[in-house]
Structures are given as C-alpha cells and as structure tokens.
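Each chain, written out:
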Amino acid sequence: MNTSMTDKFVDVNHVGMTFFTKNGPSHVLDNVNIKIKQGEFVSLIGHSGCGKSTVLNLVAGLLNPTRGAVLLEEREITSPGPERAVVFQNHSLLPWLTVFNNVYLAVERVFSNKESKAQLIMRTHDALSLVGLTEASAKYPHEISGGMKQRVGIARALAMEPRVLLLDEPFGALDALTRAHLQDELMRITATSGNTVLMVTHDVDEAVLLSDRIVMMTNGPRASVGEILDVDLPRPRLRLQLVENPQYVHLRGEVLRFLYQRQKRDAA
Amino acid sequence: MAGHPRSHKKGASVISLKPVAPPPVLIEEPPAKPVVEHAQAPSSPGIARRMLAKLPPAQDSIARLAPPLLGLAGFILIWGLIAQHTTYLPGPAKTWTSAVELLAHPFYIKNTNDVGIGWNLLNSLQRVALGFGMAAMVGIPLGFMIGRFAFFNRAMAPIISLLRPVSPLAWLPIGLAVFEAADPSAIFVIFITCIWPMIINTALGVASVPQDYLNVARVLRLSEWKVFTKILLPACLPFMISGMKLALGTAWLVIVAAEMLTGGVGIGFWVWDEWNNLNMEHIVIAIFIVGIVGLLLELGMTLIANRFDYKR
Chain A
1 MNTSMTDKFV DVNHVGMTFF TKNGPSHVLD NVNIKIKQGE FVSLIGHSGC
51 GKSTVLNLVA GLLNPTRGAV LLEEREITSP GPERAVVFQN HSLLPWLTVF
101 NNVYLAVERV FSNKESKAQL IMRTHDALSL VGLTEASAKY PHEISGGMKQ
151 RVGIARALAM EPRVLLLDEP FGALDALTRA HLQDELMRIT ATSGNTVLMV
201 THDVDEAVLL SDRIVMMTNG PRASVGEILD VDLPRPRLRL QLVENPQYVH
251 LRGEVLRFLY QRQKRDAA
Chain B
1001 MAGHPRSHKK GASVISLKPV APPPVLIEEP PAKPVVEHAQ APSSPGIARR
1051 MLAKLPPAQD SIARLAPPLL GLAGFILIWG LIAQHTTYLP GPAKTWTSAV
1101 ELLAHPFYIK NTNDVGIGWN LLNSLQRVAL GFGMAAMVGI PLGFMIGRFA
1151 FFNRAMAPII SLLRPVSPLA WLPIGLAVFE AADPSAIFVI FITCIWPMII
1201 NTALGVASVP QDYLNVARVL RLSEWKVFTK ILLPACLPFM ISGMKLALGT
1251 AWLVIVAAEM LTGGVGIGFW VWDEWNNLNM EHIVIAIFIV GIVGLLLELG
1301 MTLIANRFDY KR
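Residue numbers (the working numbering), protein chains in the order written: chain A, 1 to 268; chain B, 1001 to 1312.
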C-alpha cells in the first residue's frame, strides 16, 4: 500500500452540498476538503448549523454530494454500507428489540454469510462486553439509561468491524459525568481496535481529548473547512493530567479562539 | 385522555400524510409516541388520585368503587322514575325479572326464526368477525402501499376522501344488489365500515416510521424483507392496532342497524323483532347486552394494544 493511499483513506474531495427546498436552494457546504489517514481519529467541530453533520452523512453515504466526491480507499461512496458504521446522536436503537438483538441484527447482516450462528452470538456478546453491557443484554432500550443506550449504539457499530466509524455527536445528549465516562471508554476501545474515526462534536474538550486532528468548520451557508489543528498530545491521554498540560491548554485555546473570535456568531 | 387524538387528527385525510413524511436529513427529535390507549388508570383528576394514594387499602378500595356504584345507582333510579311515568318503558325490576328468564336459556332453537339470544349474539359477532377480517386482509396491505409510495397515496386519496364520510349503511343496497342475499350484504357493510380506519391508520403508521430507524436499515443494507419485518411492521403495529380498535368499535355499532334492515338471526334483528312483539323488556336487555359485548371487545383490543406498546 503506497503512502498516498493511506493518507487518503477517507477523502472528502471538493465537496459541495445544496439542498433544494421549498424556499429555494440552500447551499450548505462549499468546497470542503478533508483527508483522513487510516487509524486516525478526526473530529469535526463548528457552530450548530454549519453542516458538520452533513459532512458525516456524506461519508456515511446517507446523502450524496451535489458537487465533488467522497472516497473511501479511492472508491466513491454513493450509498450507505456496513463498512461505514454510524453511531447516531439519538442512539436509534429499535425499541422492539432487546439490547442483544439490536446488536445481533447488525452482526447477522455483516457476518452471517461466512460464520455460524454460534459465532455470531459470540461476536454480539463480545461487542456488548466491550462496552460493559453484558448484564443488560436481555433488556429493552426503554429499560436502560441514556448512557447505556448510547453504548449499545457504539457496540452495534463496533460489532460490524467497520472500515470507518462515524460518530454523530455521540455524547451530546448525555450529562457531563456520563459523557466523560463514555469518552474515556471510547478512547480505550479505539486505542486497541485502531479504528479510523470521524466524529462530529460541538464540545471543545471532547474534540481535543479524543482527536488526532480537529477539523474546524466555518459558519454556513456555504460552510467550508476553516482550519485544521493537529493534536500532538501523547497517548494514552488521561483527563485529569491533561487539565494542567500547557499543550492541552494551548490547543483548547486555539479551538475556542477559532469558534468564538474568528467564527463569532450572534447568540443563537 | 380518551380516544385516539393522533389517529383522529392525522387520519382526517389521506392527503395529509405528506407533511408527516420524514425530512431528508437525520433528525434528532425523539421518535413519535405510539398511538396507544390509556392503560388501566381511569382518567381521574390528579388531585383525586393523590388523595386515593394516601388512603389505607380498605378505604382505598371503597373510595375507588363508590363513585361508579353511585353512578349506576343514580342511573337506575332515574330510569325507574321515568318508567313509572310512561306506559311502555319497563322499570328496572321488571326488566331484571325478564332478563333472568331470558338468560336462563340463551341457546334454545325453536325454529329457524326463533332461536335464543345467545345464538343471535354469536351470529352478529360472526358477521363482524368476517367483515373485520376481510377488511384487515385488504386494508392493511393497501395502507402499507399508500404509506410507502407517494404515487399510490395520490392515486387513492380522492377515492378514500370521497367514500370515507359515507355511512356504511348506504352501501347495504349495493351489497344486496351484488350478493342477492342478506347475510353477505351485512358482512359487506361491516367490511366497508372497517376498511377506512385500517387503511388510514396503517398508512399513517408507515409514514411516521422515524427516519432514524430507516437510516439504521440503510447503513446495515438490510434486505427489503428484513426492513419490513424488523422495522416497518413493528413500528406500524401500534398504529394498525389503533385502527383495528376504531374499526371494531364502529363495526359493533353498525351491525345492529344493518341487521335491523336485513333480518335473519342476529342481535339487531332480534331487537327489531321484539319491537314488533312490543316486548320492551327484551329491547332494554338487548341494549345492555350489546353494551357489555362492545365493552369486552374494546377491552380485548386494549389488551392487544398494550402488548405491542413499545416504550420509545
């Protein structure tokens, strides 16, 4: 594998996105370029409405770009697929399936043509134990907490062994303590699995803590990539140690400056 | 909160399905609450319920039972008073004696036109079941098509909008003309009664499947069959059952009137027959029986609805 290819594992190439609505065309994205290396953790940050979720949906294939192309390993993405697993913001678990069956549905779809049922069940159990939910596997989504639901969503995505893991503000709806806990778990999981991750967030600390690079987006309409920040903090990263780390403080300041000075917005 | 606020409102017109259709991008609003009936708690005001909660068990059950019993007693009292001042309306006592006599032999068969009230009731229930079942077999697939394909929705909307407000009984002559027999005509009327709520609620259910669930299906690239069995069907079930409940309730209202017109064996005709015999006690008894059976049907549907009430 040549270097140029591993550098452009995911390639968002001169992408523009226009939605045609009743009130005329809405130009959401214009000339967006993002390249993600294999195994890299990239965050997309920006004010709400800047189209960062649209970028994620384009990589997921849930949307197709109006201009430009999105490529995975140099092949154009035109439709969704299990090799690009999505963790949705609101977990999107099917309420009529148990935790186990929600994950099993995904496992079965991806591996059933090459593995036995026992292996599929094993995979589902492994994914649930990875996020610490073995105990809850027989429960229904309405019987577990919001943090647990989001973990099931993560387990479902990871169980598919995706080429790219897409996280759409995965912890946005959770309280601060649960969020911190799940961020730590996500760091632990991605450190061992070596997944390529694209995460949309509006949380500055989350972006700095988890990412290898932070892509900061300008405000819409016609949003684009404003700046890209390399987060050169050593791993494993420990939340409490980082608080005092001058490099962490500096990076955090950079993101805040971008968001609140350069892309200042009227209070929404 | 009685009734189906959502299904009534949205079900008003098939054309109105359009705005319910999911937006093109991922939405973050919580999935819609399923249209499911109140579970068990009677809709007593909050204050009364809080008072009840504080009482010890014995007093609690008295406090619970007293109002409905008082209501019934008041009803019987007023009924008795009215009966005393009219010539033909029987009072509660007279009706009770007659009921004991009548219900002692509900399943006698004297001749084809004179059978026990039990047989009449079962015949009516059978007609309702047949009409209801056929309406489900036609209406639910039709509802799925209308909810899933905009073209089909637009094609069917004018027909449904035009025919839905028509009283099902207006179809009775059509049934008689086509089937040339009373019994299939009555079943046909029940079929017409049941089909609209089934079509409309199923279509509404399909159109309100949260886009998030469909996105999950798209990311997993589930087969059409899996999408149907794992997502569409379970997501629609509460809506469908709600439509069935509506259909069954109306069917039970309509069958009495339909049988009055068609004759034969059935609770509706029985009422008409007793009117011709001027046996008012039997008519009052029939009203109670029809009410009790309707209540049981509603209760059964509520139990089924609760079984499929996914807490989202």
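You may find that some hints are simply not true.
If you want a taste of the chain A side facing chain B, the calculated C-beta under 8 Å gives, among others [what the hints assert, rightly or not]:
(1) A60
(2) L62
(3) G68
(4) F88
(5) L94
Source of the hints: derived by calculation from the structure; they are not laboratory data. Glycine residues also receive a C-beta, built at the ideal position from the N, C-alpha and C atoms.
Results of checking the hints against the structure:
Interface hint status for A:A60: upheld, as the beta-carbon distance to the closest one in chain B is roughly 7 Å, under 8 Å. Look at A:L62: its Cβ gets to within about 6 Å of chain B, closer than 8 Å, so that hint holds up. A distance limit of 8 Å between C-beta atoms decides the matter here; for A:G68 the minimum to chain B is near 18 Å, and the interface restraint is violated. For A:F88, the suggested interface contact is upheld, since its CB lies about 6 Å from the closest CB of chain B, less than 8 Å.
At a threshold of 8 Å, the smallest CB-CB gap from A:L94 to chain B is about 6 Å, leaving the interface hint in force.
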